[in-house]
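Peer 1: Under the numbering used here, the sequence shown has 244 at position 244, and the numbering climbs by one with no breaks.
Hints in this document: simulated from the structure, not taken from any laboratory.
In this text, all values refer to a predicted model and were calculated from it rather than measured experimentally.
Any given hint might turn out to be false.
Distance windows between CB atoms, simulated [what the hints assert, rightly or not]:
| hint | residue 1 | residue 2 | range |
| --- | --- | --- | --- |
| 1 | Tyr157 | Leu243 | 28 to 36 Å |
| 2 | Leu113 | Gln163 | 23 to 31 Å |
| 3 | Leu105 | Gln163 | 32 to 40 Å |
| 4 | Trp251 | Leu86 | 27 to 35 Å |
| 5 | Ala55 | Tyr153 | 31 to 39 Å |
| 6 | Asn116 | Val93 | 34 to 42 Å |
| 7 | Leu271 | Leu86 | 17 to 25 Å |
Note that beta-carbon positions come from the ideal geometry of N, C-alpha and C, so glycine has one too.
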Amino acid sequence: MSPAPFSGATPGRGQKQMSETRESFGVCTASSLLVALMLAFLLSLLLTLADFHDAGEFWPVLGLRSLFLVWVALLSLFILCRLGRLLAGTSVVARHWVAFGTVQLVVLGLSLLVVNFNQFLVDPVRTAQESPQLFVLRNLGVSLIVCMVLLRYVTLYERWKVQVQSEAQARLHSLQARIRPHFLFNTLNTIASLIPEQPEQAEQATMDLADLLRTGLKDESSHLLADELELVRGYLRIESLRLGERLQVEWLLDDDLPLDRPVPALLLQPLVENAVIH
């Protein structure tokens, strides 16, 4: 049996929501802010442990270094977030160089600011034998190494993500190419046999077949779960014309099913097709 189709589903709406414009650097998110703050604290802890001499100065130095690096992270993220839309059309390499230069400039500016507050910040943050110039150069050197490591990680991560998406897209296209011809000729023969005596059912079967083919041929690889369920219903209507009473379908759908959630196109239809065949 085939229940009434879901209403209110707009094809392609989920795909449009997923393809909304995002910032070029991908840093204007809460997760990026959290990661940056965690890295700032871990780096400050590592630097403090590296030149740890007096237990009484450990926590003050750690706190001031954490404050310094947190401001570096916050200002860098703010500037990159503001620059993101301006550099939306540039290459990935150019964006990485902009990010690298931004962090270095922020470190330089804050280091010079710290040097000017001798009575409050310089003595706890740097050693007594360290000159202000050496303090600034050391911060720039540490920032240089950390930025190079992070940019290398980001580059490898972006390549891996693109590769995974390409492989998933290739598998999806391969699956769609296999399922379309599978029952195409049987459906056309069924429609041809229905036209003389049952033209209304032939018209409905033609529309259901058109929906399946349109979904498989369109460029968008995802749609709403409600649209996918409607495609499955159309497929079952086509198969019921051929199989008759041999095909018995019982729908058990949860009341809180997320019908507006985007899913890959033709995700459920192959499973239902295999169930019908086997």
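Peer 1: So, for every hint listed, does it hold in this structure?
Peer 2: Now for the hints, and whether the structure bears them out:
no., hint, verdict
1, Tyr157 to Leu243: 28 to 36 Å, "violated (49 Å)"
2, Leu113 to Gln163: 23 to 31 Å, "violated (43 Å)"
3, Leu105 to Gln163: 32 to 40 Å, "holds (33 Å)"
4, Trp251 to Leu86: 27 to 35 Å, "violated (51 Å)"
5, Ala55 to Tyr153: 31 to 39 Å, "holds (34 Å)"
6, Asn116 to Val93: 34 to 42 Å, "holds (35 Å)"
7, Leu271 to Leu86: 17 to 25 Å, "violated (46 Å)"
Hint compliance for this structure: hints 1, 2, 4, 7 are not met, and every other hint is.
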